Structures are given as structure tokens and as C-alpha cells.
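**Student:** Here is how the chains run, residue by residue.
2 protein chains.
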Amino acid sequence: MKRYVLKAPLSAAPVASDFTTIDVPAPDCPEGGLLVRTVYLSLDPYIGSRLRGRHMGDVPPRPMQDAIPGAIVGQVIASRAAGVAEGDYVHAMEGGWQEVCALGPGSFRKLDPAAAPLRAHIGVLGMPGLTAWAGITRLAKVGAGDVVLIDAAAGAVGGTAGQIARLKGASKIVGIAGGSEKCRVVTDTYGFDACIDYKAEGWQARLKEVLPEGASVFFENVSAEMAMIALSVSKPYVRGVLCGLADAYQAATPQAHALNAGAIIGKRAQMLGLVVYDFYPDWDDYVAEASVWIREGRLAFAEDAATGLDAAPALMEKLMRGQNIGKPIITVSEERA
Amino acid sequence: MKRYVLKAPLSAAPVASDFTTIDVPAPDCPEGGLLVRTVYLSLDPYIGSRLRGRHMGDVPPRPMQDAIPGAIVGQVIASRAAGVAEGDYVHAMEGGWQEVCALGPGSFRKLDPAAAPLRAHIGVLGMPGLTAWAGITRLAKVGAGDVVLIDAAAGAVGGTAGQIARLKGASKIVGIAGGSEKCRVVTDTYGFDACIDYKAEGWQARLKEVLPEGASVFFENVSAEMAMIALSVSKPYVRGVLCGLADAYQAATPQAHALNAGAIIGKRAQMLGLVVYDFYPDWDDYVAEASVWIREGRLAFAEDAATGLDAAPALMEKLMRGQNIGKPIITVSEERA
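Note that the protein sequences, when read in sequence, are chains A and B.
Take 1 as the starting number for the first sequence in this note's numbering and just add one per residue.
Take 1 as the starting number for the second sequence in this note's numbering and just add one per residue.
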């Protein structure tokens, strides 16, 4: 079977030519686990830093050996796990860029294909969606009347966060994204009230204009610098979710990520660090709640889709350059009944 | 009457020779307000920056003209305020370094001399105590089982914060202070479980040793750098109260106060900005609660006391140098029945 690997250790954000394939025998089904055929593969920003060993202490994959990590939706080929049968669909964080993967006990969640489209588990029902939900509902506790500011708003986390904030009663959702095309997705697909293009002249003044009342919540996906800009257009006691520092994932060297303590005190801000791993136990609850929203048409998701494992390297490079519109997803093989 | 003023605009932390006296006529009693004889005068770190116009936008006092600002406890000489009579005692934030002051409507709180010693309203029942109470009970919401780390722990804010944390059910209170004499006050007078002397070799290793379980709450009074040290010995989801940046009040130039967003996310920290002004409406409630603790001997306070307005310049310089042990308080005149 085909597996994508790194050619050599990485020292910068990955580009398409950093990846190559090896041919390996399909693994055995582990004790208590599953053998799974990859159907959908997720590409995510954090993988850019993880490949360089700069993500939460994870060890990077060994060149010419380990699969490039990535979450998947897959169909069970063989099962030694109670309650999971051949033909069932599962989600796994550690599927990777390969045609077949072995999943140990506790490393997968069984999916209900009738509840929501299977591909939705990459993105809106996947780790990005869970991240958005945890930040909006568990940390910021968004409720009626909140005014919510979200950057990287065209991304799977940001776009889902804004929609969940609305579903939880927020009165106004403002996004920040790069370029007019992304901003259109934010307002037209995700239904934000406004989206500011940070690549346009005078964008910070426009951000102030669309938030005369000040944000009561902001959701930070990009950088400490952007968090301080968000703070500057917030009202006192703003809850600021520190979710990710996507800019830094790609940076050549570790960064200071400096938040200004004086500005935080002056604004009486609550800065809330978010690590989605802590909310894995809540994943099924989130999926149950959000599947209803999807079926009712109240939770939209945009995809940057491609077909075939061989499309992954180029789509990963596009993601690293911030050129994707919507969640990058690879259809590796067909859904089958 | 005597009033202390600045000789000239300040560009650094004040020293005793920056102050001088002028003789001015006693003011009239304002419409709806009070004329008050100063009994106790509070000296506080934030005054160091306020004298230079570097505190929350406050205008610095004009040299050779305006009184040096300072909170006071005073006795009413004349009243045009409903519910306040000659001979009553009041607390006011804007009394200043002078023998008599005029207080406008809404700028004072009437005190009950039977509830607690009048001098306790400088310090433990004053703005430092209110700050401590707001941070511990309203922001960090300290409760049973919390492990609380507090720096500048020999100060009026830190020392009171630790005691209130204990009264609210915290299981362990650790302080940080400069020098063995201050550390003794923290453990012996304020009853902290341990106090680490940050001037001693290897203090950060010792701090780790006394907090093997990690702090669940920290209360930051000193600097962003110290907050990051506190974060490093905290457990996930620590609530970090950002109360003050005393180091910066004295710094020659404005500082970056850099908190590391990556470290905050990694620790899932909640950083909570505190401005005590917001809690002025709760002051009487706090005094009512804390007066009981004082009468029962459960809330101690250490003073660095001096007598006579002329003692203020030297005590202020001592405070700026961090050499005071306990709350600086000047007895300006006698309590009278």
C-alpha cells in the first residue's frame, strides 16, 4: 500500500516537494483495534509545526518511514474491537497519509453515517469543530447578547466558532480574514455580520467602525499580535480565547508570542488558553449536538476538496501559504455502503 | 494649613527630596460634601507612577500647587452631606498629603469606628484589601482545595489576598517576597504555608519544591516576568489574577510587560485582568465581611507606621525602594471621640 512520508527532517514550513511515497505492506489488525481503509484525510495547520517537532511535544515522523500524520475518516476492513464491525465508519486522529491504517484501542470513534455526511467529520464535526465548540461554549461561555470577534474566520475553526456563537445567542459576529474571497465565505457561507480583510489598507480603522460597542468575546487563532489588536477593539471584561498561533506554526524560529499584561489589566480582560485535547471526552456530545444543526441547515462548512492521496502534498503547501478557502480535505477512496 | 507638593515634575520614582511643603488656607466645605481633618494617610506603590502621569490616565499633581495624592481616614470638621455629622469618620481615596481636605459628594465612605480599628481602613480594609478580596473572590473565585501562589506577599495586597484565600477554603498558600525578614512576616503574621525569598540563590528551584502539585491560582503583583514564573509552577487551568505590575510603576520607561501566549495556551491558563476601581461599589460589603474576620483575629495586618505628615517623604522613598515591611501608614493627627 501507498504511504506518504517526509524525504528528510524539516526546518521550515513544508512544501509539496518535501513529501514522497513509499510502498509498505498493509499492517495487521492490532489486538483490540481496527484495520481501516482511509476514505477522507484532513490537512490542518498544526501539522506544519508537528512535522518539525514543534507542536505540544509531539515527536515528528521519521523521514522515509512514518506516515505524515493526519486525522481521517475511514471504513473498517477488519475489527478486533468490541462493538465495531467490518464496514463501519470511524474517525481517528492518527490515521495519516496512507491507504490503510491500523488503529489501536481507544484511538478511534465510531461514526453514525445517518447523522451527518461522513466528510463533515473532517472539519466541522472534527477536531476544528470541536476546538471551536470548546472555545465558544466551554471557555468563553458565549450567550445572549455577546458580540464576538474571530480571526482566521474563513478557516474551519473560525468559521465554525462564529456559527456556534450565533447558535448560542450572540447578537453580532465579526470576522477577520485575508482577502475579499475569504471574506465573502465568512459573510455568505458562515453568515457573519461583517468580515474585515486584514490585507486591505486601513483595516484596523474599519474593524473599529464595525465594533463601536466593543467585542465582549474574541477568539484568537493567529498570533499574540492579533490578540492585542482584538483586545484594543474589545470592551472591559472581554473573554479572549487563545486558541492557536497559526502564524507561529509556520515561523522559522520559536517566537515570544508577547501579550501585553498592562493592556490586559487595563481592559480587565480574561485571557483563556485552549487546548482541544482536553475536550476529546466531549467529542461524541459535540457531534450529537452539531449533527442536528447540520441537518437543519444551521451549520455550514466550506471545503477545499481534492481527490486522491497524491493531491495531499500540493494541498498541504497551499494550506501553509494560507491560500486555501475552506477546510482542506482529501478524498482518498470512495464511500461504500 | 500644611500641604505636601512636588517641587518639580518627576521623571523617575520619587525620593524624599522631591517633596516640599506649602502653606495654604484651609478649603471651604463643598456643596453636598465634607471638610475633613486627616487622621491616617496611606502610601501606596501606584502613587509612584501616578506622580509621573503613568497610572491609568490620571493627571499628575501640579508642582508647588496640588497635594500629593493619597487615601486617608479623616474626621469630619464640617458637613454639608446628608447622613454625615461633625465628628464622624470617613475614608477617601483623594484626601492627599495635607492636614485638612475638602471632599465632594460621592468621594468618601462613612466608617463605623466600632466595627474595626480606624487605621485598618488604610490597608487591609482599604484599597489594598479590596483589591485582594476582588482578585481572590470575584476573579479567581478561590474555593476549597485551591493551591494559591502570591508574590509581593509581604505587601498589603499580597498578605491580605493569601489570608482571604485561606478564609475561602484554599488548602495551601505560598508566598514570594524579597528577603528573609519579609518572608517571616508572610509566614508568621499572615500565616502562609511557605514563603520563598526571591533574593536567595536557587529560589525558583525552591518554589517548584514547595509546589509539587502546582498552583491552581496565582495572584500577580509584580511583573509579567514573574507571572510567567508563576505560570511555570502552575497546573493546567490555573487562574492567574493580573493585579499589578509594581516593578513597572517604578521603571524609567514604559515596558512591554510581555506574557507568553504560547505558555498560556500550553497551560490552559486563565489570565484575569484586575482593576480595583470596578469594585468600589462593593467596598462597604467587603468591609462588613472583613471587619468580622479582624475582630475574630482571623485577618492580620502588618504596618510600617510613622507619625506626622513630615514623615511621609522618607516613608514614600522607603516604599519605592521596596524596603518597607508592612503597609506604610502615616498618623497625621490623633483619633478623637
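It should be emphasised that the hints constitute simulated quantities derived from the structure, not laboratory data.
Note that this is a predicted model, so its numbers are computed, not measured.
Any given hint might turn out to be false.
Identical chains blur together in the list; that is why a pair holds if it fits in one copy or across any two.
As the list claims (entries may be wrong) - In silico BS3-like cross-links for lysine-lysine, where the CA-CA straight-line distance does not exceed 27 Å:
#1 K7 <-> K235
#2 K172 <-> K235
#3 K208 <-> K2
#4 K7 <-> K318
#5 K235 <-> K208
#6 K141 <-> K235
#7 K318 <-> K172
#8 K2 <-> K168
#9 K208 <-> K141
#10 K199 <-> K7
#11 K172 <-> K2
**Student:** Which numbered hints are broken by the structure, listed smallest first?
**Tutor:** Violated hints (numbers, rising): 1, 3, 7, 8, 10, 11; every other hint is consistent with the structure.
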